[in-house]
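*Asks:* Model the full structure from these sequences, guided by the hints.
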Amino acid sequence: MASALINVPKTAKPGDIIEIKTLMSHIMETGYRHTATGEVVPRDIITSFTCRFNGTEIFRADLFPAIAANPFITFFTRATDSGKFEFEWIGDQGFSETASASIIVE
Amino acid sequence: MRFGFVILMTGILLAGAAPAAEIAQAERRSGYSFMTPDTKAMQDDDTANPGMLWVLDGEALWKRKQGAANKACADCHNDASASMEGVAAHYPAFDKALDRPVDLEQRINLCRISHQQATPLPYESRDLLALTAFVAQQSRGAAIETGSDPQLEPFIAKGRALFTQRQGQLNLGCANCHDDNWDKRLAGSAITQAHPTGYPLYRLEWQSLGSLQRRLRACITGIRAQAYDYGAPELVELELYLMSRARGMPVETPAVRP
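Protein chains in written order, with my numbering: chain U, 1 to 106; chain R, 107 to 364.
Hints in this document: simulated from the structure, not taken from any laboratory.
Backbone N, C-alpha and C fix where the C-beta goes; we use that ideal spot for every residue, glycine too.
Careful, some of the hints might be misleading.
Claimed, not checked - Stretch-level coverage of chain U by chain R, calculated; a stretch enters the list once three of its residues show a Cβ under 8 Å from a Cβ in chain R:
hint, segment
1, 3 to 12
2, 15 to 25
3, 58 to 71
Unchecked claim - Here are a few chain U residues that sit away from chain R, every Cβ distance over 12 Å (derived from the structure):
hint, residue
4, Ala36
5, Ser48
6, Asn54
7, Gly55
8, Thr77
9, Ile90
10, Gln93
*Replies:* What follows is the structure, given as structure tokens:
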């Protein structure tokens with residue numbers, strides 16, 4: 001039941017600097033922990049986050065084991081046109097999630 | 107001179123050993139008020155509060171058909187925003203059939219067993235936390251009213267006795283920290299007053315949502331006592347006392363705590 005929480009302003013004026021906030025549900029298991037019987041708990045993290053606006057990549061981040069569970073990634077961008085933000089999280093063990101949000105710039 | 111000093115010291119020691127006094131109503135503070143501005147901001151913004159991930163899952167589970175009865179919570183309780191509003195603010199509540207108080211997690215599992223004919227969800231499982239968080243979130247902002255039922259009085263008294271009872275290798279009772287020293291710090295962290303206003307809540311230390319019973323068990327282990335099992339009557343009585351002690355304070359579920 002992976003789920004994302006996205007916060008993008010619904011509207012903006014051309015040239016406005018807007019904040020985009022994303023929260024993705026993920027355990028971010030480091031791969032450095034052991035069970036009570038000594039076996040390594042396999043690494044299971046998100047490794048990459050990408051944001052595209054109308055198909056063009058505007059933000060990318062690589063994630064590492066030291067990042068806490070349920071990564072909260074926030075960044076700023078300048079509103080130019082109306083369109084769609086597409087978010088993508090890729091990780092270990094075939095993890096792949098997407099979400100999107102639209103903005104009207106006028 | 108020296109004699110006077112000894113008398114003074116004895117006075118201080120006696121004052122330190124005075125029995126625990128309950129926190130005055132006007133002095134009660136939610137754990138929220140002890141947090142840094144950053145952590146407060148995380149709780150206040152529903153798109154930054156990781157507890158909302160469980161609430162979203164809970165909302166999906168609320169509508170999912172379960173068990174041999176093939177019924178969803180929503181089939182009986184309909185829209186949770188109406189039917190569950192203020193409900194969590196009364197828990198733990200008295201259950202007539204069991205003749206003892208049950209907390210919200212137990213109520214959900216009782217409902218699963220009797221009405222959905224499904225297996226109970228394990229304590230601290232993602233699904234049970236999600237459903238509990240979703241139900242409790244419908245009471246966000248409502249004043250806690252736990253303990254207004256007179257049938258609960260003997261159980262509240264038991265919970266209070268457990269709260270003040272010294273136990274474990276450190277020989278500490280809950281009250282020694284949370285009534286007597288809540289304005290001080292322990293290993294750099296605020297001690298706080300132990301008002302369970304936001305459970306289940308997202309603890310940064312856990313990197314997960316967790317129940318009040320999980321928190322209580324962690325505290326009991328911290329004083330090096332044997333923690334009660336999940337669902338033990340003692341834990342429910344302690345939950346009940348703590349919630350009745352917080353009566354009138356607003357529900358914050360899903361809260362965020364360090």
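*Asks:* Hints first: check each against the structure and report whether it holds.
*Replies:* Hints versus structure:
1. 3 to 12: Per the Cβ count (4), the hint holds.
2. 15 to 25: holds (count 3)
3. 58 to 71: With 3 residues close enough to chain R, the hint holds.
4. Ala36: holds (16 Å)
5. Ser48: holds (20 Å)
6. Asn54: holds (22 Å)
7. Gly55: holds (24 Å)
8. Thr77: At about 16 Å from chain R, U/Thr77 clears the 12 Å cut-off, so the statement holds.
9. Ile90: Label holds. Min Cβ-Cβ 19 Å, cutoff 12 Å.
10. Gln93: holds (17 Å)
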